[in-house]
Amino acid sequence: MIREITIGQYYQTDSILHRLDPRVKLIGTILYIVSIFLYRKPLPFALAALFLVACIILSKVPFRYMIRGLKTILFLMLFTAAFNLFLTPGEVVWSIGKLSISREGILATVYMILRMILLIIGSSLMTLTTTPNQLTDAMEKLLWPLTKIHLPVHEVAMMMSIALRFIPILLEETDKIMKAQMARGADFESGNLIKRMKAMVPLLVPLFIAAFRRANDLAMAMEARCYQGGEGRTKMKPLRYKGRDTGAYVVLICYLAAVIVLGKGLIKIG
Numbered sequence: 055m056i057r058e059i060t061i062g063q064y065y066q067t068d069s070i071l072h073r074l075d076p077r078v079k080l081i082g083t084i085l086y087i088v089s090i091f092l093y094r095k096p097l098p099f100a101l102a103a104l105f106l107v108a109c110i111i112l113s114k115v116p117f118r119y120m121i122r123g124l125k126t127i128l129f130l131m132l133f134t135a136a137f138n139l140f141l142t143p144g145e146v147v148w149s150i151g152k153l154s155i156s157r158e159g160i161l162a163t164v165y166m167i168l169r170m171i172l173l174i175i176g177s178s179l180m181t182l183t184t185t186p187n188q189l190t191d192a193m194e195k196l197l198w199p200l201t202k203i204h205l206p207v208h209e210v211a212m213m214m215s216i217a218l219r220f221i222p223i224l225l226e227e228t229d230k231i232m233k234a235q236m237a238r239g240a241d242f243e244s245g246n247l248i249k250r251m252k253a254m255v256p257l258l259v260p261l262f263i264a265a266f267r268r269a270n271d272l273a274m275a276m277e278a279r280c281y282q283g284g285e286g287r288t289k290m291k292p293l294r295y296k297g298r299d300t301g302a303y304v305v306l307i308c309y310l311a312a313v314i315v316l317g318k319g320l321i322k323i324g
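To convert, note that position 30 of the sequence shown is 84 in our numbering; the numbers rise steadily by one, no gaps.
Just so you know, these hints were derived from the structure itself, not from any lab. Hints may contain errors.
[Stated by the list, open to error] Here are the computed distance ranges between Cβ atoms for each label pair:
| # | residue 1 | residue 2 | range |
| --- | --- | --- | --- |
| 1 | Phe133 | Ala311 | 29 to 37 angstroms |
| 2 | Leu258 | Ala136 | 22 to 30 angstroms |
| 3 | Arg118 | Ala264 | 26 to 34 angstroms |
| 4 | Lys249 | Leu141 | 22 to 30 angstroms |
| 5 | Ala265 | Phe129 | 37 to 45 angstroms |
| 6 | Thr300 | Glu158 | 28 to 36 angstroms |
| 7 | Ala100 | Thr134 | 19 to 27 angstroms |
| 8 | Phe133 | Val88 | 23 to 31 angstroms |
| 9 | Phe266 | Leu197 | 24 to 32 angstroms |
Positions of the beta carbon are idealized from the N, C-alpha and C atoms, including for glycine.
Can you make the complete structure from the sequences, with help from the hints?
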């Protein structure tokens, strides 16, 4: 299960998405997330799914690698689906005792699951095609106007970048601890869900110790290099928009406009 998490990891390959400016990918991800929450209609969701599939093909990231990250949120999806299915009032289509399922509950559950799947894969696609350093530069550039109100933009971007960078590191550390404990007879695979969750408890203490140790090493390394924040710092590779980035913005605007048109029913299909 731990090995299946894809958010925060970077998949190195040569694709048009990898070569895009990180600001385009960050803004595009935000707009995509907004688009899947705008409407609860089939056509906008179908367009969002097609757009995401096209982006995955352009990224050259294996589709099997993309969808395996969904296994980590399967329990959350089932838990949330049960709440929507049984607690949404409306026209009852099935009931047993005090439990009932309504037509509105079924629709709410379907749209909720679709949103979660598109949200996780869309967010993973951004991190899989963008390095943590690129994300830091993009966030710092986009938040730069907030420096006028004395917001420490560089520090905020740095903290978010470090958090993203630590995700695969901690996953790798967890995997090592699990293998070490399995070699000593620990069982993380058998039993029901509750038993598996209890078996994960002994992982927390060594994992927290490893996380604090790595954080301390990082702080000492930054101090040894005289890190003093973003003031006066320059970039080895400053971000500059290119023609492909302008084209990507045009595609994003067209996609968002199409979602709005389909969501408002301005165009009828079929």
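Holds or violated: 22 to 30 angstroms for the Cβ distance of Leu258 and Ala136?
holds (27 angstroms)
Looking only at beta-carbon atoms, does the pair Phe133, Val88 fall within the given range of 23 to 31 angstroms?
holds (25 angstroms)
Take a look at whether the Cβ-Cβ distance between Phe266 and Leu197 falls inside 24 to 32 angstroms.
holds (28 angstroms)
Check the following: the C-beta atoms of Thr300 and Glu158 are separated by a distance inside 28 to 36 angstroms.
violated (43 angstroms)
Taking the beta carbons of Phe133 and Ala311, is their distance inside 29 to 37 angstroms?
Roughly 35 angstroms apart at Cβ, these two residues keep to the hinted range, so it holds.
Range hint 37 to 45 angstroms (beta carbons of Ala265 and Phe129) holds or violated
Violated - the Cβ-Cβ distance for Ala265 and Phe129, about 23 angstroms, lies outside 37 to 45 angstroms.
Cβ-Cβ distance between Ala100 and Thr134: within 19 to 27 angstroms?
holds (22 angstroms)
Given the range 22 to 30 angstroms, decide if the beta-carbon distance of Lys249 to Leu141 lies inside it.
holds (28 angstroms)
Ala264 and Arg118 - C-beta distance against the hinted 26 to 34 angstroms:
holds (30 angstroms)
Hints 5, 6, counting from the list given before, are not met by this structure.
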